[in-house]
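For this one, chain U is given, so just place chain P on it according to the hints.
So the sequences go chain by chain: U and P.
With my numbering, letter number 145 in the first sequence gets 145, and the count goes up by one each step, no holes.
If you want my numbering, it's the 1-based position in the second sequence plus 1000.
Quick caveat, the hints were computed from the structure, so don't treat them as lab data.
No residue lacks a Cβ here, since even glycine has one placed at the ideal position from N, Cα and C.
Misleading hints may appear alongside valid ones.
Stated by the list, open to error - If you want the footprint, here are the derived chain U segments under chain P, 3+ residues with CB under 8 Å:
1. 69-80
2. 88-94
3. 105-111
4. 117-130
5. 198-206
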Amino acid sequence: MITGADTEVTDAETGFLDVAANALAVIILVTMVVLIISGVPQVRGEVTEETELDLSFPPPLETVTTPLAAYYAVTPEGVTKLDLDAMTSQVNDGVAIPETDQGNLAVRVSRSAYRDFNEYSAEFRLNLENISKTATPVDTREQRSEFVEMISNRFDNQGIVPTFLIQRGSAADYAPLYWGLRKADAVLRWAVLNPNGEIRIRHHVGSFSTRERRWQ
Amino acid sequence: MAIRRTDIISAIVAFAISGTCFLLPVSTLGGWESPEPPRPQPTLKRTLEELNDDSLDEAADEVAKRPSLETAGDTCLMRYRLLDFSMSQDRREKFGIAALLINPRKKRAQLEGLLEGATSYEAWRIHIALARLALRTGDNSQANRQLDKAEGFDDIPDVCRSDVAFLRAAASPQNAVENLLVARALDPGSWQANAQLAKAIVEHRPRTTEECDRLTSELIVALVQMSHLAARDVDLGYLMRSVEQNPNSGQAALLEGMILERTGQFGAAMNFYKQELEANSAYLCATAIDFALEDRIAALSRKPLSNTLGEN
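For reference, chain U alone in the conformation it holds in the complex (with noise of 0.2 Å):
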């Protein structure tokens, strides 16, 4: 009798010890499973890198959407029109680096993109040896004032807004012209390019992280 009541109490004493043993393996098992699923951080938005131009709008122009655009370059010899489209439309047709006179085009759509679909990063680099020589120059005033009507009648016309790229160094020739475009209140942006001429343009969710909006 003594013999069996001892058995009761040690099975009693096993039963428990199993719950507690299998209970405390479900919930270390569980734990780590909860830690590995929200280790994950939910960060708002997400942390980029700037290595591209900052080509932020001025934030006065608050349009529902963005503005048509177009990019000029400037160098010593004056302003070309930059006819970037002729370099990106070559892509459809499956050229790796389109080139034209005016520079080529190295464009990446991620495939890890996980917001919007029209995300891409695309690097021009502008042979701006080739663009100088069918610069227009703005050296005078009559030539600035001519070149900022047209930016102007373009803007109010067709809603285009300027992008200036600026050749490193060219700053010094720019100037009259910038404040020539201030003065007629006209939108534009501008950015100095890297010393090889190079830009490079991205869309993406971090163009959204403030309200400086960067576009196409």
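Frame of chain U; chain P shown alone:
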């Protein structure tokens, strides 16, 4: 080996514990929840009550904390991570090229070429892109046609249908306020929907006192929401600057005062409200605006001193 009673109990207890442990965190992990159905038409009195008892702020804060929300995103896909939407890599590359192209005619041709063989999500997105492009070129009727097509798709999330209403407001300026109210209700997390709604209300000329009452309360809701979405005070500052051009609108005055309040300039807000209340002449919305201004003055007077220190 015989199954003992304690084994069964142990199994049940272990199952219960594991179930609880698993379900609790999973229930809190879920992605963004679908937005609540549009609220019933608020009255100004009720909105002001909700503003004073903080329930308006709590609701706005909930929205601002939605996972993956990037409030300034121009489309629902930029604002949220919507995993249902997908596009094959080769089509995606062409879509990216369409975005990179500068000339609107080339852009349009590229987008229209993608419509063939598109899934419904893809086609929806392409129509939105075409509508945007039409708006950029000033062709409102073309934008409306593209939006009609975008409206024809089922199973599009509410936050995306918000984009259709938002663009519709731009394409049909005569119905801007109503469309923006729909856009904001479908996605209160969109900065642009709230900001454009606030601007549209300020510019709108109500025809009845009921409309004054309703739009004034919608303006308050939009501003409270924006104060929770804004990353910096200057975001609200830009909005203030854009409505300052409407000095004769009572709604603009209320908006400006509330922006001062929301950026911590309580003393300036108080002076502004008092000044507006005195200057408020007899016009259709005067009753609604005066009611709101008086309420704000009373609310500011109740504020503890510590909250009003450090203002500029």
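Here is how each hint holds up against the structure:
no., hint, in the structure
1, 69-80, "holds (count 3)"
2, 88-94, "holds (count 4)"
3, 105-111, "holds (count 3)"
4, 117-130, "holds (count 5)"
5, 198-206, "holds (count 3)"
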